[in-house]
Amino acid sequence: MTDAAISSAPEVKGRSLFQLAVMRFRRNRPAMAGSVMLVLIACFSFFGPFFISHGYDQVFSSYVTIPPSLEPRPGEDTLEDAMKGVATRARVELQSFTVEGEAFTAVITAKDPIDPRATRYFDRANEFDKTEVAATEDEGRRLTLKGVVDREYFLFGTDTNGRDLMARVMLGGQISIAVGLLASLVSLGIGVTYGAISGYMGGRIDNVMMRFVEILYSLPFVFLVVVLVVFFGRSFILIFLVIGAVEWLDMARIVRGQTLSLKRREFIGAAEALGLTDWQIIRRHVIPNTIGPVVIFVTVIVPKVILLESFLSFLGLGVQAPLTSWGSLIAEGANNIQSAPWLLVFPAIFFVVTLFSLNFVGDGLRDAFDPKDR
Amino acid sequence: MEPILAARGLTVSFTTPDGDVHAVKGIDLDVRLGETLAVVGESGSGKSQTMMGIMGLLASNGRVSGSAKYRGQEMVGLPPKALNEIRGAKITMIFQEPMTSLDPLYPVGKQIAEVIAHHRGGSQREARPRVLELLKLVGIPDPERRIDSYPHEMSGGQRQRVMIAMALANEPDILIADEPTTALDVTIQAQILKLLRDLQKRFDMAIVLITHDLGIVRHFAERVVVMRHGAVVEQGATADIFGNPQADYTRMLIEAEPHGRKAAPADDAPIILEGRNVVVDYKIDGGFLKARASTFRAVDNVSISLREGQTIGIVGESGSGKSTLGRALLRLIASEGVYRFGKTDISSLDRSGMRPLRRSMQVVFQDPYGSLSPRQTVGEIITEGLYVHEPQLSRTERDKRAIEALTEVGLDPAARNRYPHEFSGGQRQRIAIARAMILKPQAVILDEPTSALDRSVQGQVIELLRDLQSRHGLSYVFISHDLSVVRAMSDYVVVMKDGRIVEEGSTDAIFSAPKADYTKALIGAAYNIGP
Amino acid sequence: MFAFVLRRFVSAVPTLFIVVTISFFLMRFAPGGPFNLERPLPPATMENLMRAYHLDQPLWRQYLTYMGNALTGDFGPSYIYKDNTVAELIGKGLPYSMELGFYALLLALVGGVIVGTIAALRQNSALDFAVMSVATVGVTVPNFVVGPVLTLIFAITLAWLPAGGWGDGSLRFLVLPMIALALPQLAVFARLTRGSMIEALRTDHIRTARAYGLPARSVVVVHAMRGAMLPIVSYLAPCAAALLTGSAVVETIFTIPGVGRYFVLGAINRDYTLVMGTVVLIAIFVIVFNLLVDILYGLLDPRVRHD
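Chains as they are written, first to last, in the numbering used here: chain A, 1 to 374; chain B, 1 to 531; chain C, 1 to 307.
Everything labelled a hint here was simulated from the structure, so no lab data went into it.
For each residue, glycine too, the CB sits at the ideal point set by N, CA and C.
Any given hint could turn out to be false.
[Stated by the list, open to error] Covered stretches of chain B (chain C as the covering partner; in silico rule of three or more C-beta atoms under 8 Å from a C-beta of chain C):
{"#": "1", "segment": "79 to 93"}
{"#": "2", "segment": "96 to 104"}
{"#": "3", "segment": "114 to 121"}
[Unchecked claim] Taking CB as the label site, the calculated pair distances span:
{"#": "4", "chain 1": "C", "residue 1": "170", "chain 2": "A", "residue 2": "39", "range": "45 to 51 Å"}
{"#": "5", "chain 1": "C", "residue 1": "172", "chain 2": "B", "residue 2": "85", "range": "50 to 56 Å"}
{"#": "6", "chain 1": "A", "residue 1": "257", "chain 2": "C", "residue 2": "302", "range": "19 to 25 Å"}
{"#": "7", "chain 1": "B", "residue 1": "295", "chain 2": "A", "residue 2": "279", "range": "26 to 32 Å"}
{"#": "8", "chain 1": "C", "residue 1": "170", "chain 2": "A", "residue 2": "293", "range": "46 to 52 Å"}
{"#": "9", "chain 1": "C", "residue 1": "69", "chain 2": "A", "residue 2": "338", "range": "43 to 49 Å"}
{"#": "10", "chain 1": "A", "residue 1": "148", "chain 2": "C", "residue 2": "159", "range": "45 to 51 Å"}
{"#": "11", "chain 1": "C", "residue 1": "130", "chain 2": "A", "residue 2": "279", "range": "25 to 31 Å"}
{"#": "12", "chain 1": "C", "residue 1": "302", "chain 2": "B", "residue 2": "73", "range": "35 to 41 Å"}
{"#": "13", "chain 1": "C", "residue 1": "61", "chain 2": "B", "residue 2": "283", "range": "56 to 62 Å"}
Starting from the given sequences, assemble the full structure and let the hints guide the process.
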């Protein structure tokens, strides 16, 4: 009757559960906003460095710990002071100093003839560039210098070493995001395999495997990380490997639980009756069906890993300078909170917005994959 | 007679992300004092939602409108406080799942006392004698002890009795019973229905029986309302509905009762699958430091042999070991005994040894929702066996076989690109059958293949199975708790209880002249649609 | 019940033993030692030091000695706090950490359950959204951000509360570190409570309670709440263990003289005995709280009652 007849469009393409979940996810506004935010932050961190001229390790000794500003540095009012400072260093006297647009003209004098190479002193200062001798008078005792004012923007200010905080935040983002993703992948790989094997095998193997996980659980896990980091050193690769190696426990438990409930499902029984081997069943039936919870869990674990990495950085065990991560930046900021609050504010904003977005995306995925909502 | 509950133009709708779903589309319904009214329909007919709507128990996305008057008082739109005066006192309910309907964290006596104390005043302690009296009334053995038991310490039947005690606690006018026996074994079902009937006479209350089971309706109800797709198809006195159904749908429902008989194969037909002295023990895991794991004997020394072209029906209630026996015959679980497939002794074969034989002995499971992997397309599901047993097939050949198999089970071949969740229960069961049939097996174990389906769909699946059997000369082991289906499908019946065979014989012999008391009880407890 | 408690205690012993063993060897196999300072010591001094602390003996001997002493409660001298034994250091710091941790736990639990319940009862309302957004911030913002920010606002800008230290132990000193400690956990409790309350409100027996006309308050408090507490109780064990044994971050930021700092300081400085001491302490807390939670679970849920 109606039961047997299906709408017989010639090539019906079914919608998989995954596609349905994607549809539901798209309708979830906070989750979509979170996704957009994440993409923006990732673009900022990874493509931003191509658009700013400062390197993350470039030191501007003239601009140590300057607050964020939309105005370029040096400001008009400070230029003359800066020029005086340079003149003093070059052991010459500044007679006049004028700025027209980007170009400056300075007249310097000294008792003895001035070595034209003194222009180097001017170029060395962060404020000035391309200084040339325009005119020589008084047998070289009076020089007219022309050059350009090197205006730099420090939208986020600079840190206590005079490095552009924006470049640092971008680098920190790259490292935090990369560590987050890579460590999650490591924990995903270990956790899914371990959990699926333990759950599917069951019996004694399961007992022993889960006992092992339980023991690892009672090891204070910060201890494990700290010891491993101290042990293996502080390279970027080791840090995410170590975090991944510690974070797989939850994943293993979730996948095991999922596998146990799948094992009771009749389609596993049907697969056995068809003669599939254990490995075929795990690969074709168990792992694909744990994908929903696993995807959700990844969105939980990525922020956890980023937090852990920043915690390590906070303790001084993160990536080594001049590399940095959001956690290290926040730690630096916390140390200078009274004198330079922006050092805390900018990295913290990026960090928090990222984690916030990840959370919304995670919640959205959970709703999208939740079978109860079908 | 004036109805005590009268619904007029009652609608129930649910807001979902895909738009509003109208579960009940403006129905009229009367419940009269002291009568038993059956509301009949298949899943999705809106029969439960009608009552849930009147009682204000819809899920948070549900809305009810129209009118439902209890003794002249409008219940639709009544504020919760006023509604709570009626609910649990004047109108009470029992539900399908006695397992989950009681709070697992409190003793049953406390839960009943809470209802009494709330509606009648007084403390829960003062209500205790009344609770004891009620438990006695509904036939709970040793009520003084049971009053402090937790739900998980009771059997399903006892839990349903506790629910009934709770329902009677305040001597209601109307008892709404929502599929009260569907989750119970047939013998328990009979006891519960008898209890309800006795209590109804005693308290002179109306019972609204929501059910899909026409057998129960025929033997139990005075009036019937047939619902379909949220609307009333037909209503009237039970005798009229069954004797002279007006609507096509009603007629179809009544005729959906499985009928026909299967002829036995010749006595000298060769034995295809045999298990001698089958014993299956389940270890009950003791946990890490428990003294010793105990064992539970699920199948106890059972012998069975299936001839070519034969259908053996295995009948039993839950826990009788019938499904376990089926799996043991297929060598899917560890078991003792001597097993033969055709002339080969398969007792000592391990998994890889069994693998080549798997294509010849297949299985179809009960739950059409659980037996198909939700992440594979139908095509992938049904060709999975080919992947194991005929790995040399090309993609196009496999696809061709998939089309054949789907056509054979009466599905559109286009279905192979779609996913299981897009199909109804009956269609899914056809997919599961196609998966088994694509390998061209000789023996198939059918483990409750129709139990999760609506009656009308059940009939179609049975037709399909019979058709496949005669076309391919298949042998079936048909496992079911449903006597009417077993009777229609099999030529030989084995009755099991507590892991043992109670009685066996040809279908006619078992049904016309049962010898064992248990068989008699089973047959007596089954309500047939036929008079 | 008593037998169950006993059995769990007995099964905790091997866990503790393995934890201590793994930590011992992990620590020892890490390169560097407690006296490898930036300016190397003269070899003679080094040798004397090594001998004084028995570090010259074979590892298995050190291990046996350590385990033997540990059984009697002697966790050895600290290498960096040279005048103190590890037991003394922990004994001195633990009361501070525990007091602070206890208040934080209380705040997190009570606040989280209340907030989560309100959100669940008003599911999908603006209130729910607002409350849970704040909770999400709580989960996502680490305490080493919360701590400095709180200091900046309440201690520096507004100057209402002291920026750190234990002072006389009065509430004024505890408020900021307590909030910094409790906030992330409060958020976790709120999310857990909301989730399990929503789940609990959907169950069949809640439908029964409603069908029998029980008032909404009793449905929520008597029937839904108790079931919804179960996942919260499960989370209580790791949470309590973590809070009561002190947090390195919060104790550093607010200069609290607790045990949380020792652990990180010890690990970085290879103060073997101090690290081992804190590991044992944390492991004992985890095990004890797991046990307590199991018992509590049994009291709440008759289905898992053990006899």
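Which constraints among the numbered hints does this structure fail? Numbers only, ascending.
Violated hints (numbers, rising): 11 and 13; every other hint is consistent with the structure.
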